[in-house]
Structures are given as structure tokens and as C-alpha cells.
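Throw the hints in and build the complete structure from the sequences for me.
Those protein sequence lines, which keep their order, are chains G and W. Going by this note's numbering, the residue at position 124 of the first sequence is 124; the numbering climbs one at a time, nothing skipped. Adding 1000 to a residue's 1-based position in the second sequence gives its number in this note's numbering.
The hints are simulated quantities; they were obtained by calculation from the structure and are not laboratory data. Built from N, CA and C at the ideal position, the CB exists for glycine as well. Heads up, some of the hints might be wrong.
What the hints assert, rightly or not - Under the rule of at most 30 Å between Cα atoms (straight-line distance), these lysine-lysine pairs were calculated in the DSSO-like manner: (1) K82(G) with K1301(W); (2) K1301(W) with K26(G); (3) K97(G) with K1301(W); (4) K1358(W) with K15(G).
What the hints assert, rightly or not - Cβ-Cβ distance ranges computed for the label pairs, FRET-style: (5) A1332(W) with A98(G): 23 to 33 Å; (6) I1195(W) with A44(G): 22 to 32 Å; (7) L3(G) with G1135(W): 24 to 34 Å; (8) K1308(W) with Q128(G): 42 to 52 Å; (9) G1135(W) with P31(G): 40 to 50 Å; (10) K1308(W) with K96(G): 16 to 26 Å.
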Amino acid sequence: MFLKEYIKDVYSGVKSLLIGMRRTGKYFITPREIITEQYPEFRAQLSERFRGEVVMPHDEKNEHACTGCTACELACPNGTIKIITKFDIQPDGKKKKAIDTFIYHLELCTMCNLCIVACPTDAIKMAQNFEHSVFDRNTLTKKLNNPGSKIREGIE
Amino acid sequence: MYTETEIIKDNIKAGSETDLIINIGPQHPATHGVLHLIVTLDGETIKKIEPHLGYIHRSIEKMCESLSYRQFIYVTSRMDYLSSHINNYACAMCVEKGLQVEIPRRAQFIRVLMSELTRIASHELWWGAMAMDLGAFTPFFYAFRERETINDIMEETCGARLTMNYMVPGGVMYDIHPNFQKRVKDFIQLFKSKIHEYDELVTGNIIFQNRMKGVGYISEEDAISYGCTGPVARGSGVHCDIRKLYPYELYNEVEFDEILETGGDSFARYLVRVKEMHQSIRIIEQLIDNIPEGDFQAKTKAVLKLPKGEFYTRAETARGELGVYIVSEGGATPYRIKFRSPGFSNLSALEHMAKGSKIGDLMATMGTLDLVIPDIDR
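See the structure below:
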């Protein structure tokens, strides 16, 4: 009785190992089903919603849509965004609030997307860039508005 | 201060002279993170296990007190990062309970679909890591082949692969991507064509079965008294699925089975998780074609303020029951937040499971607990 059980165990054990080896062998002889990609040569095509970093798009006239309302600054949980505002003198002599510097700390950012959702004028968006490693930490603190840029006409 | 060396010294004092004390972790490949176990051995037999926590404590609960009700949700993705959607889901539900917002039906569908996809992704990773703990390396890649497809779906719709922050109070952040339904259907097809490989490679394997059966036994009564939830308790036959007991949102409308195994050992817990993946696929199949048209987000105020009081919700994550408890003083930030995380209670049962067994079996027991260390420490 014991011997019978023992032989049965050995038989089912060897069978289970062979079933597993057959699966491994199948992938060994069909390397087309292997999906490994070499990284620096093939880079992932990321979807347009992927959150890489916050950028501020400028048009060809070097104009952006940021009014300096600081909604993104208030929405950010980590203090990633700091907006310094100034007052522009309009041609008619009136003062108008505008951004001086839009500081973005990439090293503090967790890509939670709350600033993009909070922005009323769609002035900032997420870029699909994911290779952020640098040698100096200071280069991760970025100024998003281009030098000399100003707010687009008609955005309040 | 009670330092680590003092703990070890105390352990030496308490034991007999033949006892051997081994530190497993904080950097050990089988603990999947910075878990530190001080194991007292008599020869090869385990006499005592003392988990030593706090290596990845980030005081998430305290951090949440300084963040507004919209902001604190993203932090909870970092607790149990493998089921981050469900963590966010539970928090969003708790805030909605306070605000008494009715969320649109479309958002409910999306939320449940995302939760179940997350559950599959989490169990896939656990399956690979579990086999790796026992010395099989390739299952990890088999599991990641399918998991990567889910991650791509998440990336396309939610914008991130692991810490999505997609659930917001009132619904979801965006509408689903136009490709979403097609890609999920492709995934279901892929999953069904590949799942039999899992059984061929690991479940039926005689070496795997002999290492899992009868190892890390916990009875039904003990599982209840240690507060185990999720697949750990269901492996011992405890009826504890929150989706069945306290169905939230759509779970009382979909058909699925609660998986119960009565073995109580590591192999029973293994079977529960593998079968749960099939049930999650079943839920997704019922919902994916019937997503109703409509809003994906209810209208909420710009600054959310919960009325004075206490709010508690629970959700079934991939690891067990997650409870979110918010005390509000009526302001824009919570007064106190407490998370009842499944990993902490499941870890507390480890000593009971592994006591008296051999040190080699400790890894098999720990693997089936599916520990995520940030979930334990928070």
C-alpha cells in the first residue's frame, strides 16, 4: 500500500515537472513571443495623458496663457509651484497683474495632476518626458515661462 | 530610547543559551521591502518572531491632516502602492459620504473597472514574487507580461502606471480614453489565453506543492482573532469579502463569487488569490460593454468642507480590508485621519503561523501573506 502511494507520488511529481518544462521549452523554441525590448534603442511611446513633468506651452509669438491666479500653487500638495507676480503697465496707463517668474520644482513633484486640473486657463500641461536624471539637483528647479514672454491677448 | 541593539540584547537575555537569533531584513530580498524580522531559532525550528517596523514610516496620517480633502488622496497611493486605485477609491468614498454627493453612474462603472484591473495587477505581481521567494525565477516574467498590459491601460487612461491619483471626490479625474474598452477586451483575451500557463508552471508543480501544503497553518478562529482580512482570512474559511458583506457602489449589482478555501495553509491562500483573478475578470466582463453615457464627475465646490463629525468607509483592496476614518471639525482640512490597513493585521499573524516550523518555511508563509511594507508602516 505504501509502495503504491510512493510510486504514484513519484509518477505525478515527474509528470508535473515535465508539464512545466514543456511550457518553458515552448518559449525557448519560439523566441518571437518574447517581448523584451532594449532600452536606449527602443523608447516607449507614451500616451498623451502620461504625466512626465509640468510645462507651460508658448505659441510662436512667445505668449502664454498664465494669468498668475495661483490656483495651481494652492492646489499643489507639496509646494512644487511658486509664482512671483508683477504689475504690467498697460498702454492706457492701467496696471495689470502678470507673472514674473513661474518656478517649478521638479524634484518635489509627485505628478498628481492636481495643478493641471485646477488651472482655469489651461496654461500648464503635462509633458511626456520621463528621463529626468541629472547630475546636479539644482537643475531640477525650473523656470517655466520663457524670458520676455507675455500673456496672450483676450485671456482674463 | 529603546534602540535596535537593546532589542536584540533583550532577546538574547530572554532565550536560552542554545537559541540563535537571526535578523531577516531590513535589506533582504524575500521581505519585499524594509521589513525587519528578529527570528529566534532553536536549531532550525522557529521559536519566536518579532517584526521590527518603522523603516519606511512617513507619517502619512499626520501629513493628511495638513492637506485639503482634494489633496490628501494622492498620498494614499503611496501606502499600498500595488492597489493604489482602491486606496484612492476608499478615501474618495469617505469624503463623498461626508459631502453627501451622489456620484454619476458612469463614474461608478469606471471606478469598479479600475479597481478590479488593479486587483488583477496586484495579484499578478504577488504570483511572480511568491514563486521567486521559493526559488523559481521565470514566473516573475510570465506574470509581468500580463501585468504590463494592465499598466499600459492605466497609463493611457489615468496618466500614470502605479500611483494614479485618478479617483477624485465626486467621480474620476478624466473620462476614459477612447481606446479603453477595446484594450481591456484585448487584455481579457490575452489573460484567458495565458492563465493556464500559471497552473502548468507553478500550481501543479510537485516541488511547489510540497513546500506550500501544510505550511503556515492558521485556523478560522485564529484568523478572526488576529484581525486577518482578505485572501489570508479567506484561505482559512472566513467569510470576509467587503464587496459581499458591505457592497459599495456597484458591487451588489455584479455577479461574482467570494472565494473561500478551508485549508488554512499557504497553498489555500495561494489558491484564493489565483481564483480571485478569474472572478475579477468576470466582473470586468459584465461591466465593460455596459458603461453608461453621462458625466464622469459630479459637480463639487472648489473648496471642499466636510460637516463636523466622523466618517468611516471601507473597501476591499487586493490585500484585505482598508478602512478610512476621518474626523472633521468643519474646516477645509481633516482634524484626524486613520487608515486601517490590511497588511499590519496580516503581519501580526505571522508569528502564530510560523512558530514551530522550520526557517525555510518562513519564506513560503511570508510570501502568501502578500506584504507591502509601506502599507504596514504608513
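Checked hints:
no.: 1; hint: K82(G) with K1301(W); in the structure: 24 Å, holds
no.: 2; hint: K1301(W) with K26(G); in the structure: 57 Å, violated
no.: 3; hint: K97(G) with K1301(W); in the structure: 26 Å, holds
no.: 4; hint: K1358(W) with K15(G); in the structure: 28 Å, holds
no.: 5; hint: A1332(W) with A98(G): 23 to 33 Å; in the structure: 29 Å, holds
no.: 6; hint: I1195(W) with A44(G): 22 to 32 Å; in the structure: 26 Å, holds
no.: 7; hint: L3(G) with G1135(W): 24 to 34 Å; in the structure: 30 Å, holds
no.: 8; hint: K1308(W) with Q128(G): 42 to 52 Å; in the structure: 44 Å, holds
no.: 9; hint: G1135(W) with P31(G): 40 to 50 Å; in the structure: 25 Å, violated
no.: 10; hint: K1308(W) with K96(G): 16 to 26 Å; in the structure: 42 Å, violated
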